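*Asks:* What follows is the residue order along each chain.
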Amino acid sequence: MDLIADRGRRVQVDELNTSKLLAHAAKQTRDKGFDDVLIVDVDAHHYENESFGEILPFMENEVLKQLAIASRAKGGRGNVAPSGFGYQDMGGRVTRYPLRSSEKTDANGPHRDVQLGNRWMDAMGVDYSCLFPTGMLSIGLHPQKEMEVELCWAYNRWVTEKALPESGGRLFTMLCLPFSDADECLRQVETFGHRPGVRGFMVTTVRPKMGVQDNAYMKVYRAIEERGLVLSFHSGPSWGDHTFQSCNRFLSAHALGFSWYNILHCTNWVVNGMGERFPKLPVLWIEAGLSWIPFVMQRIDHEYMLRPSECPLLKKKPSDYMRDMFYSVQPMEIQDMGALETTFRMMDAENSLLYASDYPHWDFDLPSTIWDLPFLTDKARHNILGGTAHRLFKLPPRNEAQKQNLIKYGNYQEF
Amino acid sequence: MSSPRTKKAAPKAAKPSTKAAKPAIKASRAASKPASDEGMTGRDKANFIKAMMEGIAPKDASGKRPPIKVEAPKKVEILRKISAPTPVERKSNPLSDEALKFAARLEEKFANGDFEALTPEATQALMTAICKLYSANAEAGNKFPVVKDRFSVTGTDAMILCGALLKAVDLQVFELGMWQSWSGI
Amino acid sequence: MAEQFIGKASEFKDGDRQIVRIGEDEIGVFKHEGAFYAYSNFCLHQGGPACEGLTIANVEERLRPDKTSMGLHFTDQMNFVCPWHGYEYDMKTGCHVKDKSVKLRKYDVVTKGNDVYVVA
Ligand code: FES
Numbered sequence: 001m002d003l004i005a006d007r008g009r010r011v012q013v014d015e016l017n018t019s020k021l022l023a024h025a026a027k028q029t030r031d032k033g034f035d036d037v038l039i040v041d042v043d044a045h046h047y048e049n050e051s052f053g054e055i056l057p058f059m060e061n062e063v064l065k066q067l068a069i070a071s072r073a074k075g076g077r078g079n080v081a082p083s084g085f086g087y088q089d090m091g092g093r094v095t096r097y098p099l100r101s102s103e104k105t106d107a108n109g110p111h112r113d114v115q116l117g118n119r120w121m122d123a124m125g126v127d128y129s130c131l132f133p134t135g136m137l138s139i140g141l142h143p144q145k146e147m148e149v150e151l152c153w154a155y156n157r158w159v160t161e162k163a164l165p166e167s168g169g170r171l172f173t174m175l176c177l178p179f180s181d182a183d184e185c186l187r188q189v190e191t192f193g194h195r196p197g198v199r200g201f202m203v204t205t206v207r208p209k210m211g212v213q214d215n216a217y218m219k220v221y222r223a224i225e226e227r228g229l230v231l232s233f234h235s236g237p238s239w240g241d242h243t244f245q246s247c248n249r250f251l252s253a254h255a256l257g258f259s260w261y262n263i264l265h266c267t268n269w270v271v272n273g274m275g276e277r278f279p280k281l282p283v284l285w286i287e288a289g290l291s292w293i294p295f296v297m298q299r300i301d302h303e304y305m306l307r308p309s310e311c312p313l314l315k316k317k318p319s320d321y322m323r324d325m326f327y328s329v330q331p332m333e334i335q336d337m338g339a340l341e342t343t344f345r346m347m348d349a350e351n352s353l354l355y356a357s358d359y360p361h362w363d364f365d366l367p368s369t370i371w372d373l374p375f376l377t378d379k380a381r382h383n384i385l386g387g388t389a390h391r392l393f394k395l396p397p398r399n400e401a402q403k404q405n406l407i408k409y410g411n412y413q414e415f
Numbered sequence: 416m417s418s419p420r421t422k423k424a425a426p427k428a429a430k431p432s433t434k435a436a437k438p439a440i441k442a443s444r445a446a447s448k449p450a451s452d453e454g455m456t457g458r459d460k461a462n463f464i465k466a467m468m469e470g471i472a473p474k475d476a477s478g479k480r481p482p483i484k485v486e487a488p489k490k491v492e493i494l495r496k497i498s499a500p501t502p503v504e505r506k507s508n509p510l511s512d513e514a515l516k517f518a519a520r521l522e523e524k525f526a527n528g529d530f531e532a533l534t535p536e537a538t539q540a541l542m543t544a545i546c547k548l549y550s551a552n553a554e555a556g557n558k559f560p561v562v563k564d565r566f567s568v569t570g571t572d573a574m575i576l577c578g579a580l581l582k583a584v585d586l587q588v589f590e591l592g593m594w595q596s597w598s599g600i
Numbered sequence: 601m602a603e604q605f606i607g608k609a610s611e612f613k614d615g616d617r618q619i620v621r622i623g624e625d626e627i628g629v630f631k632h633e634g635a636f637y638a639y640s641n642f643c644l645h646q647g648g649p650a651c652e653g654l655t656i657a658n659v660e661e662r663l664r665p666d667k668t669s670m671g672l673h674f675t676d677q678m679n680f681v682c683p684w685h686g687y688e689y690d691m692k693t694g695c696h697v698k699d700k701s702v703k704l705r706k707y708d709v710v711t712k713g714n715d716v717y718v719v720a
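Residue numbers (the working numbering), protein chains in the order written: chain S, 1 to 415; chain G, 416 to 600; chain C, 601 to 720.
Keep in mind that the hints were calculated from the coordinates and are not lab data.
Since no wrong hints were added, every one of them can be taken at face value.
A partial selection of chain S residues facing chain G, derived with a Cβ cut-off under 8 Å:
| id | residue |
| --- | --- |
| 1 | Gly8 |
| 2 | Arg9 |
| 3 | Gln12 |
Pairwise CB distance ranges (calculated):
| id | chain 1 | residue 1 | chain 2 | residue 2 | range |
| --- | --- | --- | --- | --- | --- |
| 4 | C | Glu603 | G | Cys546 | 52 to 58 Å |
| 5 | C | Glu611 | G | Cys546 | 44 to 50 Å |
| 6 | S | Asp14 | G | Ser507 | 26 to 32 Å |
| 7 | C | Asp699 | S | Gln88 | 21 to 27 Å |
| 8 | S | Lys403 | G | Ser498 | 44 to 50 Å |
| 9 | S | Gln88 | C | Lys698 | 18 to 24 Å |
This one's a predicted model, so the numbers in the text were calculated from it and none came from an experiment.
From the three backbone atoms N, C-alpha and C, an ideal C-beta is built for every residue, glycine too.
With these hints in hand, go ahead and build the complete structure from the sequences.
*Replies:* Now the structure itself:
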C-alpha cells in the first residue's frame with residue numbers, strides 16, 4: 001500500500017499490524033512488569049462508522065432508518081453523523097490512520113473491533129479498556145435532535161449486544177447519551193443501565209447549546225447515581241465552532257478545543273452545586289489533558305470568594321468539588337515537570353486521576369507515561385494506572401499478582 | 416450504593432518515589448555501553464600494576480596479564496526493509512502521445528530551417544493553451560521544469576518568449592519580480 | 601563497539617532503509633542523498649519505532665520582508681517521522697526538528713567496498 005509523502009512522492013508500506021506497530025510498547029510492558037499491575041484504560045476508541053452497516057439497522061424510527069441506510073448506499077450522497085474538519089493523521093505522518101483499513105483480522109474470530117482492541121491492550125499491558133466511539137463524539141452538533149436520539153440508541157444497542165459480548169469482559173463502555181433530549185437520556189439509562197459491560201453513561205461535550213445544570217437533566221443524573229454508575233463527559237475539538245474559526249492551524253483548534261469544552265461544562269457543573277445535589281454520583285472528565293484543571297480551580301475559587309451570592313449551593317470552594325471528581329490523564333502535558341507535579345498535587349491525583357490511552361488516536365499515551373513520572377509514590381502510580389478505576393468501575397484483577405498489588409495499596413474490593 | 420471514593424485527606428505534595436523507573440531508552444543505552452578496558456576487572460588491574468612495580472616473582476601468576484576477553488559477536492538481525500519513496504508516475508495518454516509526435520515534427524521542420532511551419536494564428540493558439548496549462552499545474556503545486564533541460568532552448572530564446580508574454584499582457588519586468596516575491600510561485 | 605555487517609551497499613537505493621537489531625539495540629539505517637545515516641529506533645517521546653514511519657520534507661513558513669506570511673512550503677531538508685505521534689527528526693542529524701536537544705542516538709556507518717557496517 002502507498003502513503004503520500006511530500007510533492008506527490010509515494011512510500012510503499014506493508015499492511016498495518018497493530019501488534020507490530022506497538023512492539024516497543026510490548027517491550028515496555030515486559031520490562032516494567034505491567035502484567036502484575038492492574039491497568040485500566042478509561043478512554044480508548046473504535047471507529048464506529050466502519051460498523052454502521054451493523055449499527056443503523058438498530059434505529060427505531062423506520063423513516064429515519066431508511067434515510068440513514070440509504071445515505072450510505074452506493075452513490076448515496078448523505079452524511080449520517082456530523083463530521084468535523086481536521087487532520088488527525090497529520091498528513092499521513094501518523095501512519096495508522098491511512099493504513100487502518102489494511103489491517104487483517106480473523107474473519108471467524110470475534111468482532112474486528114474486539115480483535116484490534118485485544119492487540120493494543122496486550123501490547124500496552126492494559127487489562128480493561130472503556131471503548132468509546134470516534135465520529136459520534138460530534139453527535140452534539142447534529143441539527144436534528146431526533147436523529148441524535150436514534151443514532152445513540154442504535155449505537156448503544158449494537159455495542160452492548162454485538163461488540164462487548166465478544167470481548168470476554170475486557171472491553172466495557174459508558175454509553176453515549178442523546179443529551180439534546182433529556183427524556184430520551186432517561187429512557188436509555190433505564191433501558192441499558194443494567195446491561196453487562198455498561199459501567200456508566202457519557203455526554204459528549206462538544207455542543208453548542210447545553211447547560212449541564214438545566215433542570216431537565218436532574219432526573220437523568222439521579223437515575224445514573226441510583227444505579228451506581230459513572231457519569232462521564234468526553235471532550236473533543238470543533239474547529240468549525242465560531243470560537244475557533246480564527247485558528248488557522250489544526251494544532252491550535254485541537255489543543256484549545258479539547259480543554260475548552262470540558263472547562264466550560266465543568267465550570268457550570270461546579271458553580272451550580274451539582275456536587276452537593278448528587279454527592280454519590282461519580283463524575284469523570286475525559287480527554288482534556290490536565291493543565292486546564294489548576295487554571296479552572298484558580299479562576300473559579302477566585303471569583304467564588306468575590307461573588308458568593310451566585311453560588312449559594314456551594315458549601316466549600318469550587319476546587320474542593322473538583323477534587324471530588326475524577327479525570328482521565330490523557331493527553332498528559334509532560335513539558336514542565338514542576339508544573340505537572342503541582343497539577344497532580346492540586347487535583348489530588350492519587351485519588352482522582354485515571355489512566356487513559358485514547359488509542360488509536362494520534363496523541364495516545366502509554367502506561368509508562370504515568371509509571372515513569374519521577375515524583376509519584378508507588379501508591380499513586382498503582383492508583384492512577386488501575387487501582388482507582390478498579391473501585392470505580394468494579395473491575396476484578398486478572399491475576400493473583402494484580403490482586404496482591406491492589407491489596408498492598410489499599411484498593412482491593414470484592415465485587 | 417456508596418461512592419467508590421473513600422473520604423480523602425486534603426491533598427498534599429506527593430513524595431518523590433525512591434525507585435522511579437527509568438525510561439526504557441536510557442536503560443538500553445546503558446546496556447549498549449562498550450565493555451570497559453578489554454574485560455579487565457579492578458582486581459586484575461591492581462595485580463597487574465603491583466607486578467609491574469615490584470617485579471615479577473618467578474611462577475607468580477599475578478604478573479601475567481589476564482587473558483583478554485573478546486567481546487562476543489553481537490547478533491545482527493534484519494527486522495525490516497523499507498524501500499525508497501517513488502515519485503508518482505504519470506501515465507502517458509493519447510493526447511500527450513499526439514503532442515510529443517507533433518512537437519517532434521515541428522523540431523524537425525525547425526532543424527531544416529523552416530521557421531514558418533505554423534501560421535501565426537496556430538502559434539498563438541498553441542502558446543495560449545500551453546501557457547494556461549503550465550500555470551494551472553504550477554499553481555496546483557504540480558511543478559516540473561518548463562523545458563526538459565538547460566540546453567533545450569537558449570537563453571536568448573527564453574528571454575524573447577518571456578518578454579513577448581509579458582508584453583502581451585502589458586506587464587513590466589519589475590512587476591514580474593514583485594509578483595514572484597509575493598506569491599512564492 | 602564493533603563494526604557489524606548489515607548488508608550490501610548495492611542493496612540500498614537512495615531513500616531505502618533497513619531496521620536492524622544488533623544485540624540489544626534496534627537501529628534504523630537510512631540511505632539519503634548517497635550517504636548512510638543510522639539512528640536508534642527508540643523514539644525519545646514514548647519509545648515508538650522512530651525510524652519506521654514516513655520520510656517527508658521539512659515544512660517551513662515563508663515570510664515577506666514586511667513580515668506577512670506566504671504560507672507553508674516543503675523545503676529540501678528531509679525528515680523522518682515517528683509513526684506513533686509524529687515526532688519529526690532531521691535525517692542528517694537525528695535531532696527533533698524543533699528542539700535540537702531531543703536527539704536520537706546516532707551510530708556510525710562504515711562502508712568497505714560493497715559492505716555496509718554499523719558501529720554498535
Ligand atoms: S513515541 Fe515517537 S512520537 Fe511518540
